[in-house]
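Visitor: Keeping the supplied structure of chain A fixed, place chain X with the ligands upon it in accordance with the hints.
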Amino acid sequence: MKKSPKIALIGNPNAGKSSLFNSLTGLRQKTGNFPGVTMDKLIGKWNLETGTEAEILDLPGIYSIYPKSVDEQVVINILANPQHPDYPDMAIVVADASNLKRNLLLFSQVRDLGIPTVLALNMIDVAENSGIVINSFKLAKELNVEVAEVNAKKGIGLNGLRLAVNKTLEQRFNSNDSLPVEYSPELIDEIKEQYGDTDDYHALLWLSEHDNLKQFNTEQRVGFDKLQEKYGWNSQKFQAQETVSRYAVLNEIVDGCLHQIPVEDEPVKTWTDRLDKVFLHQFWGYFVFLGILFVMFQAVFTWAAYPQDLIDNGVAWLNQYLKDTLPESQLVNLLTDGLIAGIGGVVVFVPQIVFLFLFISLLEETGYMSRVMFIMDKLMRRFGLNGKSVVPLISGVACAVPAIMSTRSIGSWKDRLITIMVTPLMSCSARLPIYTVLIALVVPEKSTLFGIFSLQGVALFGLYLLGFGMAILSAWILKVLLKAKERSYFIMELPSYKGPRFKHIMISLLNSTKAFVFEAGKIIVAISIVLWVMASYGPGNAMQEAEQKVKTENPTLTGADLENKIAAQKLESSYAGHFGKVLEPAIKPLGYDWKIGIALLTSFAAREVFVGTMSTIYSLGGEVDDENTTVMNRMRAEINPETGKPMYDAALGFSLMIFYAFAMQCMSTLATTYRETKSWRYPAIQLVYMTTLAYLSAFIVYQLLK
Amino acid sequence: MRTVADLKIGEKGVIVSFSDELLSLKLLEMGCLPGTQVTMTHIAPFGDPIAVKVSGYVLSMRKDEASTIVVA
Ligand SMILES: Nc1nc2c(ncn2[C@@H]2O[C@H](COP(=O)(O)OP(=O)(O)OP(=O)(O)O)[C@@H](O)[C@H]2O)c(=O)[nH]1
Ligand SMILES: [Mg+2]
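From first to last, the protein sequence lines are chains A and X.
When you number the first sequence by my numbering, it's gap-free, plus one each residue, and the end is 1999.
When you number the second sequence by my numbering, it's gap-free, plus one each residue, and the end is 477.
Since the hints were derived computationally from the structure, they do not count as laboratory data.
Note that this is a predicted model, so its numbers are computed, not measured.
Among these hints, one or two may not hold up.
Stated by the list, open to error - DSSO-like mimics (lysine-lysine), calculated; alpha carbons at most 30 Å apart, straight line:
no.	chain 1	residue 1	chain 2	residue 2
1	A	Lys1361	X	Lys458
2	A	Lys1562	X	Lys417
3	X	Lys417	A	Lys1707
4	A	Lys1570	X	Lys417
5	A	Lys1570	X	Lys468
6	A	Lys1791	A	Lys1446
7	X	Lys417	A	Lys1323
8	X	Lys431	A	Lys1334
Stated by the list, open to error - Where chain A lies over chain X, by a calculated footprint (3+ residues, C-beta under 8 Å):
no.	segment
9	432–445
10	470–476
Unchecked claim - Away from chain A, derived, C-beta distances all over 12 Å, residues of chain X:
no.	residue
11	Met406
12	Arg407
13	Asp425
14	Ser429
Each residue gets a CB set at the ideal place from its N, CA and C atoms; glycine is no exception.
Okay, chain A solo, but in the shape it has when bound (with noise of 0.2 Å):
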């Protein structure tokens, strides 16, 4: 036997093959109760025996080796091509137990390109739930292979699993005789001429989609299409009957293995078909809806307050504790206003996402997520989206970067690329932070709406709102520009509900949760610095002038005044406050002052950043008295010096926010939308429309409320 055996996993998506990839590995690979969670593979080891580790390949869900969308284009690359680096030595295909044939079509499919195959039964407890029970012996006897019922989820059955996997490995068997539909041989041999040797199934593969495989140059699949022309070869037709055929045998091997109570005419009611009757209902199903998410940004509002209040009072407590017992040096003040500022402007924003996090994957970890995508499919298409747009931009308010790779279920090149180009105008965990401090500064805090609702709340709400209002008309306005007539399609399963577990969800939070600060931590972090020695030094001697001019223009001042009036000229002063000014003139008509243009210009590439630069500048600024440690209080008591008036004014509260939800400032997302759509246009016309529109809408806005 090899030492490292590669094993894939292979089955329908939401089978279950990422749960059971976890349950094997140990690692936390994502999952979620919809169709089209996995979209890239992804490897970890499983012990076979002592001695033996196997390699587990996790692979997007397929329905069959033709593959209808690009995340599918994946898996199909490695099977049609045994010189594949990631070419499995064995499979296991994980079948949903409740929908037996369906995945066993995938199965025959996969034996019969000569791969040694297992077949893992897993959602045994949901076919239980609708009456089905499988005789797994009789099953693998009919299909001549080994069958293991597992549990994915809970990671049961995962020895018998071992068991059936090695006595595969030994035999090396491929029951492989004949194919379930007809072909000419002599187009077989010409293949395996031209092309290389090969088994049969895998030279009508290439045949019939050798125009997606990557392993093809052009000059071969010109090959491919000559031979398609000779002997008068419809690949569409092929498969067609090749489906029929499989689903012929198949069904006299499932209804001999499988037992429904009662029959068919009267299924048992499930929770899943009660529960759609409202989700899915034409009136509540929206209300349903649109209830969750209000309640969802309520909670992330209110519920959050109370652990951040801790954090917060914690952190400046810190600092202040640090000021007073360390002696005072540079050093110490780079520690306490650039690093402690910077860090904890984020640090105090974990709850808030917390709650956005677990709200998301509750969202997806029940099969809620296929239901929305089901009652807004109409809706999104009229602006040149599709219901699986949903997925990417819910997803989106967590983070751009994944949720432009969720796209990829999305079949149709047209709907995904508009999909990619919207979701990063919703409003992601990063401008969380940005919109509850000027929520803060700007909406009273008691005030309610209805006398239930709080302002704040409903505030944030109506910037999500925003973010995905103009997500669609930017959606509306590619789809007429685009003009493209290719056809997109919505055929997909709505998976029954499953409760979420609890560990599983806690895990998943405590990951993101920890991805969020540690991502946004280490460019918190180095750009503080930065920003600190920026702002704590200037060109030539201009830190002794500021000083020396603050000290002959106020000849009275002494003490706490004298010394905040000094620290203020200094920022000014600074190279970090020279480029500010430099940045003001452009800014101005947006209510901006050349301390927002610092902040503006550290959040340009990681809009995270801009909360941390506010704390930093505002803390070297001077002002600092027991009352203002917190970054919102000091930019509470920061006064217009034009009008007099407190600086953070309904008009330049809401001009910022409004920037900060449509500006592009985010290199991960730049990149990523490079990545999937293979080209340097698209990110580009993100920044620049982005920039654009964020700048126009900050103007109007200011100039509205001004």
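Guide: For chain X with the ligands alone, coordinates are given in the frame of chain A:
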């Protein structure tokens, strides 16, 4: 010709044939085979898309896709 798109909620039909070759492959793979029974289960707000029960699971599709499936 009656198609799946003409079914009312709760109504059943048996698939006879497909009128769109391109779509038919996808539908076949999803278990919509000639001779199989389909039951209309849900119609989305604004009448589109629809969901049917076929081969023991719920499958959603758009109305114009449903109208390529001829039923008896
Ligand atoms: N009740 C039950 N649920 C399961 C079982 N196995 C997996 N699930 C759930 O089924 C859903 C789909 O699981 P995934 O592992 O994401 O499925 P997948 O095959 O990787 O799906 P794609 O990546 O979309 O192809 C998740 O909500 C799982 O929690 C099982 O044996 N029983
Ligand atoms: Mg998966």
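Visitor: Hints first: check each against the structure and report whether it holds.
Guide: Outcome of the hint check:
1. Annotation: proposed proximity of A:Lys1361 to X:Lys458 holds, straight-line Cα distance about 22 Å (limit 30 Å).
2. Taken as a hint, the A:Lys1562 and X:Lys417 pair is honoured in the structure, with Cα atoms around 17 Å apart against an allowance of 30 Å.
3. A threshold of 30 Å between alpha carbons decides the hint, and for X:Lys417 with A:Lys1707 the separation of about 35 Å lies outside it, so the pair is violated.
4. Among the hinted pairs, A:Lys1570 with X:Lys417 is consistent with the structure: their alpha-carbon atoms are about 18 Å apart, no more than 30 Å.
5. Annotation: proposed proximity of A:Lys1570 to X:Lys468 holds, straight-line Cα distance about 19 Å (limit 30 Å).
6. With a C-alpha separation of about 11 Å, the suggested pair A:Lys1791 and A:Lys1446 falls inside the 30 Å cut-off, and the hint holds.
7. Restraint check for X:Lys417 and A:Lys1323: not satisfied, since their Cα atoms lie roughly 38 Å apart, outside the 30 Å limit.
8. For the proposed pair X:Lys431 and A:Lys1334, the alpha carbon gap of about 23 Å is at most 30 Å, so the pair holds.
9. Chain A is given as covering the segment 432–445 of chain X, and this holds because 8 residues of the stretch bring a CB closer than 8 Å to a CB of that chain, at least three being needed.
10. Check result for the segment 470–476 of chain X against chain A: violated, 1 residues qualifying (beta carbon to beta carbon below 8 Å, three or more required).
11. A cut-off of 12 Å between C-beta atoms confirms that X:Met406 is not in contact with chain A; the least separation is 20 Å.
12. Residue placement check: X:Arg407 keeps its beta carbon more than 12 Å from all beta carbons of chain A (closest about 20 Å).
13. For X:Asp425, the non-interface assignment is contradicted: its Cβ lies about 10 Å from the closest Cβ of chain A, within the 12 Å cut-off.
14. Taking the minimum C-beta to C-beta distance to chain A, about 6 Å, the non-interface status of X:Ser429 is violated against the 12 Å cut.
The structure fails to meet hints 3, 7, 10, 13, 14 from the earlier list, while all remaining hints are met.
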